[in-house]
Amino acid sequence: QHQTHHIESLFLSQSSNSFLVPKLMAGIKVFGNATSPSTRRVLLALHEKNLDFELVNIDLKDGEHKKEPFLSRNPFGKVPAFEDGDLKLFESRAITQYIAHRYESQGTNLLPADSKNPAHYAIMAIGMEVEAHQFDPVASKLVWEQVIKNFVGLTTDQAIVAEEEAKLAKVLDVYEARLKEFKYLAGETFTLTDLHHIPVVQYLLGTPTKKLFTERPRVNEWVAEVTKRPASQKILK
Amino acid sequence: MEDQKMKLHCGFIFSNWTAMFGLHEKSLDFELVFVDWVAGEARTKTFLSNLNPFGQVPVLEDGDLKLFESKAITRYLAEQYKDVGTDLLPNDAKERAIVSMWMEIDTNQFLPLASTLIRELVTKPYQGLATDFTSVQENKEKLSEVLNIYEARLGESCYLAGESFTLADLHHLPPIHYMLKMEEEGVKDLIYSRPNVTAWVEKMQSRPAWLKTVVKGDHIFELMKQRRMPMQLDSPCQEVTGLAQKTAMVTENT
Numbered sequence: 001q002h003q004t005h006h007i008e009s010l011f012l013s014q015s016s017n018s019f020l021v022p023k024l025m026a027g028i029k030v031f032g033n034a035t036s037p038s039t040r041r042v043l044l045a046l047h048e049k050n051l052d053f054e055l056v057n058i059d060l061k062d063g064e065h066k067k068e069p070f071l072s073r074n075p076f077g078k079v080p081a082f083e084d085g086d087l088k089l090f091e092s093r094a095i096t097q098y099i100a101h102r103y104e105s106q107g108t109n110l111l112p113a114d115s116k117n118p119a120h121y122a123i124m125a126i127g128m129e130v131e132a133h134q135f136d137p138v139a140s141k142l143v144w145e146q147v148i149k150n151f152v153g154l155t156t157d158q159a160i161v162a163e164e165e166a167k168l169a170k171v172l173d174v175y176e177a178r179l180k181e182f183k184y185l186a187g188e189t190f191t192l193t194d195l196h197h198i199p200v201v202q203y204l205l206g207t208p209t210k211k212l213f214t215e216r217p218r219v220n221e222w223v224a225e226v227t228k229r230p231a232s233q234k235i236l237k
Numbered sequence: 001m002e003d004q005k006m007k008l009h010c011g012f013i014f015s016n017w018t019a020m021f022g023l024h025e026k027s028l029d030f031e032l033v034f035v036d037w038v039a040g041e042a043r044t045k046t047f048l049s050n051l052n053p054f055g056q057v058p059v060l061e062d063g064d065l066k067l068f069e070s071k072a073i074t075r076y077l078a079e080q081y082k083d084v085g086t087d088l089l090p091n092d093a094k095e096r097a098i099v100s101m102w103m104e105i106d107t108n109q110f111l112p113l114a115s116t117l118i119r120e121l122v123t124k125p126y127q128g129l130a131t132d133f134t135s136v137q138e139n140k141e142k143l144s145e146v147l148n149i150y151e152a153r154l155g156e157s158c159y160l161a162g163e164s165f166t167l168a169d170l171h172h173l174p175p176i177h178y179m180l181k182m183e184e185e186g187v188k189d190l191i192y193s194r195p196n197v198t199a200w201v202e203k204m205q206s207r208p209a210w211l212k213t214v215v216k217g218d219h220i221f222e223l224m225k226q227r228r229m230p231m232q233l234d235s236p237c238q239e240v241t242g243l244a245q246k247t248a249m250v251t252e253n254t
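Sequence lines, in order, name chains A and B. The opening residue of the first sequence carries number 1 in my numbering; numbering runs sequentially from there. The opening residue of the second sequence carries number 1 in my numbering; numbering runs sequentially from there.
Hints were generated in silico from the structure; no laboratory data involved. Don't take every hint at face value.
Below, a sample of chain A positions facing chain B; criterion: calculated Cβ distance under 8 angstroms [stated by the list, open to error]:
{"no.": "1", "residue": "94"}
{"no.": "2", "residue": "121"}
{"no.": "3", "residue": "125"}
{"no.": "4", "residue": "130"}
{"no.": "5", "residue": "132"}
{"no.": "6", "residue": "174"}
{"no.": "7", "residue": "177"}
{"no.": "8", "residue": "188"}
{"no.": "9", "residue": "190"}
We put the beta carbon where it would ideally sit given N, CA and C, even for glycine.
Same shape as in the complex, but just chain B (with noise of 0.2 angstroms):
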């Protein structure tokens, strides 16, 4: 039914992952573009006009259609691919709402401590730049309390919005995968001290399309980690389109 595959816009960052994630499990053949983010690849003329006028990714083409914002990508790949490989949406009303609840809880009460955590531990350092510890400490503290109430509630169902595994659970795993992955004291902790949050990211990590997503993503993370000098974020926006041809990477999805 396709003509073309999709193509997905993509970098280093986890909502990155979250977007190959959600078409892994809709076993949905794409095309991955990966676009340097980090170099100003999302800053340039063509793609603020053409892909997402915020500069940022992932960015999804489907067609004619061009989306940005995770949540929006997945929730489209959800609703549109509905009869084809796992069900992230319940079709009841009142059991959607539940999902859209654990998706606002995300956006609003885990992402914004989780990234914070990511952005000072990973990107930052990365880039070259200094560690705010004061901030990290702030948000290990914070992300603990949360995670308190992560783990009351995964204690009375096996995934967020109930038992079957959705789109709030989805979103979820790569940002926990990138907090797993940090040497710094106590952020392993914050999942492993916490039974039912564990066996819930263990059940997840278990899933084929969850395996498939890591080995894009690491193949990402290692064509970042070749560059030699690390970039300024705010380089001016220009015209990249040299750049861009020679470290895009275009690879088939089997």
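So here's chain A without its partners, still in its complex pose (with noise of 0.2 angstroms):
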């Protein structure tokens, strides 16, 4: 399949003259917005990969997510949304998944060592639904109370904010002793699990909860390294 894919960009490159298009080939666009987590979720996977893409925006405070034409492209009104040629996406850690598995022989792997064992795979499958069970319903509560409330000039609630701190705290304490253990969340190398958490952790290292990073020290140490790679820094742009 992968052969395929380059044979004909190959005779397209001829024709047009132009050595970038199996990059530009690909056709990838999303649709949604440069600050929203989700959406740099799939940006991240996009740089990792180092794909050309292009971002449709789409103004969230517009409400444009909540009406045509966006919702024909996800009906459940959220961003972002994907397109890769004829395949048409949303969810950012289902496209993810996709960009991972079908540019898997470019840029970062974003998979284990070993993905075809499934064995392997199930320990970043694990860490993903982690990631979304655990991590990501407490961890967002506390960006909306404290950056996106803020934003709009709402008050934060000081006190719902330490409740989700404590319960982030639990789950930092298993992440901590995971570390100990590997140098990334799934293992010994950088995957999806880890990059699922960039863009919320880049947003929380803006507030006071960045403590419970810094008071974990192999909890800091990744996020100093996950957040300081290039694709992290492009989305913050």
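Bring the two chains, given one by one in their own frames, into a single complex with the hints.
Rendered as structure tokens:
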């Protein structure tokens, strides 16, 4: 399958005199907002893979994500939506998984080293589920209270912040133990599991919640590692 | 090829049904180890350090491999045992992406609402706690909007990700099964007022693997009901091996 794609792109590069065509042929579009964590999750994967893409801005303030034509791309009215040729997807973690598999041989490998081994893949899958079920609901509430509410002129509810920080602390204790055994959450290499955390972690670093990271040495190192990656820097611009 | 059977550490909650459903679809033998998480058996030091540091069931043991999170478990079963039983994941990358998408929709759009209803209307009464009916009403309304989208989708194809039953469909049935048992007004109707959703649910309910899952799931529920005293959820983390030994149920899967 990958071979066919290569041959097609060679023909096209001859006819259009462009050696950049193999990348441009991907025809990837992201419909989202550059400030939204879920959009950023997808942008991270695309940057890690050195893939060209077009970001079509969806104006969240205007409610553009709750109206047509966006609703035809995602009837649940959430950014981002995604296109790769004739494939149309939404849900950021489904999109990143698709990118990681479809473009496995280029850019950073976002899958475990032995990705064809279901047992190794399962370890990464657990980490992705933990991010989605244990980390993200709590961490996102903290971003909502401390970042988004401030931005729109509402007051942070410190009682909620305290409650959610207590929950996040317990999750990060498990991460601390895990990161004592392994360099990254799913093993010795950077994978989708780590990537999925980055956008929300970046927002939390701008809040007092940052202390929960700095108090835990291995978590602190991991945060520094994953946020200094070139792709992680690109999404902040 | 397997010297020892797989073990599924299992308790009273629909995600356990999902893991069992996956095992049955794959016609895999497993040993069921009952974990009374409501009584704190998933928070013992042993459980946290050996099985799941987040103190939750289900946990699957396959040889040395220990897996938790029901979607990681079912995905592992689908790939490791691809050539056995029902094929639960397509090979093509684009088709697989659609399955992933509907599993994410389950996690992010459907399950938060359905699991809140289950917690308020099933788990809390069992624990002797008061139901928050405002929350129930809110979640019923949001779930109705979500199910409109499912209704439209299931008008386009037999199953969520296409014409075949996949993991995406499998994950929805256990919470829906719990919803259909609720006496609370309007909950069953969320499903039954939507013909495409109803047809989809009924097709899945007739699967032999599901029928086997219901038998096991009901048995676990009966074990829970037999306990006279409602237990506190936040009991201190302590060794309860004595209790675990008395109540652990090991059944053979036939």
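Going through the hints against the structure:
1. With a cut of 8 angstroms, the hint placing residue 94 of chain A at the interface with chain B holds, because the nearest CB-to-CB distance is about 4 angstroms.
2. Given the 8 angstroms rule on beta carbons, the hint for residue 121 of chain A holds: about 7 angstroms separates it from the nearest Cβ of chain B.
3. Checking residue 125 of chain A against chain B by beta carbon gives a least distance of about 4 angstroms; that is within 8 angstroms, so the hint holds.
4. Checking residue 130 of chain A against chain B by beta carbon gives a least distance of about 7 angstroms; that is within 8 angstroms, so the hint holds.
5. Because the smallest distance between the Cβ of residue 132 of chain A and any Cβ of chain B comes to about 6 angstroms, under 8 angstroms, the interface hint for this residue holds.
6. A hinted interface residue such as residue 174 of chain A counts as satisfied when its beta carbon comes closer than 8 angstroms to some beta carbon of chain B; here the least separation is about 5 angstroms, so the hint holds.
7. Because the beta carbon of residue 177 of chain A sits about 7 angstroms from the nearest beta carbon in chain B, less than 8 angstroms, this interface hint is met.
8. The interface hint given for residue 188 of chain A is broken, as the beta carbon of that residue sits about 18 angstroms from the closest beta carbon of chain B, more than 8 angstroms.
9. The restraint placing residue 190 of chain A at the interface with chain B is violated, with a minimum CB-CB distance near 19 angstroms, outside the 8 angstroms limit.
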